[in-house]
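Just so you know, the protein sequences line up as chains A and D, in that order. The C-terminal residue of the first sequence carries number 400 in the working numbering, and the numbering is unbroken. The C-terminal residue of the second sequence carries number 1357 in the working numbering, and the numbering is unbroken.
If you're looking for bench data, these hints aren't it; they were derived computationally from the structure. Where a beta carbon is used, it is the ideal one built from N, C-alpha and C, also for glycine. Check the hints yourself; a few may be wrong.
[Claimed, not checked] Lysine-lysine pairs mimicking DSBU-like chemistry, simulated, CA-CA at most 35 Å apart: (1) A:Lys269 with D:Lys1179; (2) D:Lys1178 with A:Lys69; (3) A:Lys306 with D:Lys1179; (4) D:Lys1178 with A:Lys190; (5) D:Lys1313 with A:Lys162; (6) A:Lys224 with D:Lys1313; (7) D:Lys1313 with A:Lys306; (8) D:Lys1179 with A:Lys218; (9) A:Lys226 with A:Lys323; (10) A:Lys269 with D:Lys1355; (11) D:Lys1313 with A:Lys226; (12) A:Lys269 with D:Lys1236; (13) A:Lys69 with D:Lys1179; (14) A:Lys335 with D:Lys1210; (15) D:Lys1179 with A:Lys187; (16) D:Lys1178 with A:Lys123.
[Claimed, not checked] Okay, the calculated bits of chain A under chain D, using three or more residues with CB under 8 Å as the criterion: (17) 205-217; (18) 288-296; (19) 340-354.
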Amino acid sequence: MKKNTLPIIIILAVLLGAGGFFISNQNNVQDTASDQKKIGFIYIGPPGDHGWTYMHDQGRQTMEAELGDSITTTYIENVPENADAVRAIRKLAESGHDLIFTTSFNYMDQTLEVAKDFPDIKFEHATGYKRADNVATYNSRFYEGRTIIGHIAGKMTKTNTIGYIASFPIPEVIRGINSFYLAASKVNPDIKIKVIWAYTWYDPAKEADAANTLINQGADIIVQHTDTFAPCQAAEKAGVLAFGQASNQEQFCPNAHMTAIEDVWGPYYAERAKALVDGSWASQDTWAGMKEGHVVMSDYNTKILPADLIAEAKAMEARIIDGSLHSFAGPIYNQDGELVVPEGSVADDGMLAGMMFYVQGIEDQVPQ
Amino acid sequence: MIFGIVNIILIGTTPLVFAAIGELVVEKSGVLNLGLEGMMLVGAVSAFVTLVLTDSYLAALIVSLISGLVMSGLFAFLVLYLMANQVATGLALTIFGIGISSMIGKKYVGTPIDGLSPYFLIIISFLVVIFIGYFFKKTKLGLIVKAVGESHHSAHSLGFNVIKIRFISILFGGAMSALAGFYFSICYAPMWQEGMIAGRGWIALALVVFATWKPERILLGAYIFGGVAIMQMNLQAFGVKFPGQFFNMMPYLVTILVLVIISGNKLRIKLSAPACLTLPFNKNQ
Chain A
33 MKKNTLPIII ILAVLLGAGG FFISNQNNVQ DTASDQKKIG FIYIGPPGDH
83 GWTYMHDQGR QTMEAELGDS ITTTYIENVP ENADAVRAIR KLAESGHDLI
133 FTTSFNYMDQ TLEVAKDFPD IKFEHATGYK RADNVATYNS RFYEGRTIIG
183 HIAGKMTKTN TIGYIASFPI PEVIRGINSF YLAASKVNPD IKIKVIWAYT
233 WYDPAKEADA ANTLINQGAD IIVQHTDTFA PCQAAEKAGV LAFGQASNQE
283 QFCPNAHMTA IEDVWGPYYA ERAKALVDGS WASQDTWAGM KEGHVVMSDY
333 NTKILPADLI AEAKAMEARI IDGSLHSFAG PIYNQDGELV VPEGSVADDG
383 MLAGMMFYVQ GIEDQVPQ
Chain D
1073 MIFGIVNIIL IGTTPLVFAA IGELVVEKSG VLNLGLEGMM LVGAVSAFVT
1123 LVLTDSYLAA LIVSLISGLV MSGLFAFLVL YLMANQVATG LALTIFGIGI
1173 SSMIGKKYVG TPIDGLSPYF LIIISFLVVI FIGYFFKKTK LGLIVKAVGE
1223 SHHSAHSLGF NVIKIRFISI LFGGAMSALA GFYFSICYAP MWQEGMIAGR
1273 GWIALALVVF ATWKPERILL GAYIFGGVAI MQMNLQAFGV KFPGQFFNMM
1323 PYLVTILVLV IISGNKLRIK LSAPACLTLP FNKNQ
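Using the sequences and the hints, build the whole thing.
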């Protein structure tokens, strides 16, 4: 037994090392010139998800292209939203990064924890609300896009049943459901929305199961707030309609994909990197939408959507951009029938940021 | 509607059945392979990449099975010949599988493919379980595998080649895991995404314990686990609310419960768990 121990340890070490290398081959820190700023990203999924992380990575590439040699970027992918995130963020901080973007809601406390220990390093946390002197937050008004897909779904559904695959019960997701429902019920008062909480952002098989379950229960349009194109693919197979998530997913489901809400982070990342380079970076909260080009609708699918509906959707886009249409314009009631946004006013950002209730008409309850 | 639910349960549960029945044979022979998740991922990615390159489902299946044989062969070599610790090696195999599948699949993420209908493999999954049940109950070879798992020294002194039998059992387990991976990326969710098995390898491992090492109970357990997951989605869509997190931990909770129940009776655990599980075999000892 004894004499065998050494080779085993060596082989195990090689195996583990190889696995570890393949996992981390993306986060090798490059050598940099001294005046070059280093910018790091923490991703929840792989950049190849064609969804949330993919679009952050596109934004990173835009930033690199715009700033050229004045910056260099790194990313760590597949970072879980637990204590591992602290290690990943700390790793970037310790390897000389000047600015670190953490791109998922549940990195919030971890980002602040690391930021406390590195006051000279700047952090930006996506979709969160806790800030510090060296921690900024940024988010996009994706709910504006959900108003448009709600309008389209309201007009396109034949069964008046919409299947909605949600990830976690957090304000971001609940705001999306409300925004979608308000727009859909405006054009189709009979519409019914069925929600499945997947409790994951990323599990293609589970997302497909959820889509098939909703279709089986009579939904003829699938809306998702999870990260892969599996639901759209399931819709395609079942012959129902769907919307893409985060990026244009039409190539995966050409006969189901009506449009998608695209997250465009590039301009924001470039702007913040420039601020870092010229020294004007300051902690702030950015919440930008269609007007600023952070939220863009994918090409409307002319094979599925009638021309007049496409025109309506485009007109809505224009009205959202010029400010004459707001996703949460009163009167809005909550499920208890209380008036939460009076007629003539719109929901303020405070209410939107902490939205943990469904609006009146949704026959469901927010999970506790 | 009911038919639809049954259909979704069948589609979702089949990979668990394949991976678990393979692992059952491995454990029956006295070896614990914790590398299911890694082998499934490698099986899934090699099937996907082969399909993209050759456009042939058969080639994808063959390459996927070979990848499972290679992965499990590596494991078998380490634990049988070098007598490495089975738990550590199995974990290493999973970590290795996660890494190498991501690397192989990097270029192919988001490549659209035409999925294969799952029904043929669903039927095969039932047949495999029936066959393995028959194998252990009625065939001499099945008894030999069991004997090796229960007491390798006795089996050895009776003249059976313990190492060879364990090696073949491990290879069978690897092939079944790879088949589960093939089913995953070609039939179930026709795409390649990094880490797309999403923990089902661990559920399959839990299933073997849940089934108390009895083939027919693998089917029962898999369909309970799979059915619960789909039923909770159905209830959610009907508007019935309960904590979804609870159902995510159900398989593990139930497995722990089963472990507690069977370990409460020393005779019963002796009857079900292979006595030589995880013990290395050295014929000179």
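Hints violated by the structure (numbers, ascending): 4, 7, 8, 10, 12, 14, 15, 17, 18 and 19
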